[in-house]
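Hey, can you work out the whole structure from these sequences and the hints?
Chain residues, written in single-letter form:
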Amino acid sequence: GAGVSQTPSNKVTEKGKYVELRCDPISGHTALYWYRQSLGQGPEFLIYFQGTGAADDSGLPNDRFFAVRPEGSVSTLKIQRTERGDSAVYLCASSLDRDTEAFFGQGTRLTVV
Amino acid sequence: GQQLNQSPQSMFIQEGEDVSMNCTSSSIFNTWLWYKQDPGEGPVLLIALYKAGELTSNGRLTAQFGITRKDSFLNISASIPSDVGIYFCAGHQGGSEKLVFGKGMKLTVNP
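Protein chains in written order, with this note's numbering: chain A, 1 to 113; chain B, 1001 to 1111.
Read the hints as simulated data drawn from the structure, not as lab findings.
Distance ranges between label pairs, derived from CB positions:
{"id": "1", "chain 1": "B", "residue 1": "K1051", "chain 2": "A", "residue 2": "N62", "range": "36 to 42 angstroms"}
{"id": "2", "chain 1": "B", "residue 1": "G1094", "chain 2": "A", "residue 2": "R84", "range": "30 to 36 angstroms"}
{"id": "3", "chain 1": "B", "residue 1": "T1024", "chain 2": "A", "residue 2": "E101", "range": "19 to 25 angstroms"}
{"id": "4", "chain 1": "A", "residue 1": "R81", "chain 2": "B", "residue 2": "G1016", "range": "48 to 54 angstroms"}
{"id": "5", "chain 1": "A", "residue 1": "G53", "chain 2": "B", "residue 2": "P1081", "range": "40 to 46 angstroms"}
{"id": "6", "chain 1": "A", "residue 1": "N62", "chain 2": "B", "residue 2": "F1012", "range": "37 to 43 angstroms"}
{"id": "7", "chain 1": "A", "residue 1": "N62", "chain 2": "B", "residue 2": "G1059", "range": "41 to 47 angstroms"}
{"id": "8", "chain 1": "A", "residue 1": "V68", "chain 2": "B", "residue 2": "L1045", "range": "22 to 28 angstroms"}
{"id": "9", "chain 1": "A", "residue 1": "R81", "chain 2": "B", "residue 2": "S1077", "range": "46 to 52 angstroms"}
{"id": "10", "chain 1": "B", "residue 1": "Q1014", "chain 2": "A", "residue 2": "S87", "range": "35 to 41 angstroms"}
{"id": "11", "chain 1": "A", "residue 1": "D57", "chain 2": "B", "residue 2": "E1015", "range": "43 to 49 angstroms"}
{"id": "12", "chain 1": "A", "residue 1": "Q80", "chain 2": "B", "residue 2": "T1056", "range": "41 to 47 angstroms"}
Coverage of chain A stretches by chain B, computed from C-beta distances (three or more under 8 angstroms per stretch; other residues unrestricted):
{"id": "13", "region": "29-41"}
{"id": "14", "region": "54-63"}
{"id": "15", "region": "88-98"}
{"id": "16", "region": "104-111"}
All C-beta atoms, glycine included, are put in the ideal place defined by N, C-alpha and C.
Now the structure itself:
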């Protein structure tokens, strides 16, 4: 596609449930990033993929969060046993390679009730 | 998590006025980037700075990478209504690919 696509755009889930958020990067982009943006804050880094491997997952807040990119394109961010504090906009970005401009998707707004 | 110190937090200006915003850090950054975010959208890159002391312009936007590598500013000249949005500074440290963002500055332009 022309840009980074994230689905769903909105997700409401109950506390304790499992959710998956999907990111389709720009075709040919080898680097993929996940960020989380809480209300009134800047995005905060979660994880960075170069190809299929997670090159830096230091931003994942705890072991309830996990992300995969099995074929080096689409990525899924998985959150287990969701908590109300997980409510935020989850942003995905991709870049042609490391050290090149990253383009952001529109984000998935996750609300845990 | 770590965030850059961005100020001011918000500004209300009249169309045609100039506006300045800045970002500081207690530690050194190797790149400084300025993004704009509209409601319901992801951030869009405006200007990227790669060298200490670098001054770069993009249309009505001018940004500088501070000589100490711990600060940056962004100026917008002759503001127009479509400049409304939230502006973020961001940067890379060391060899890390992750971006550290400021809290953002909300700009309102009155026509």
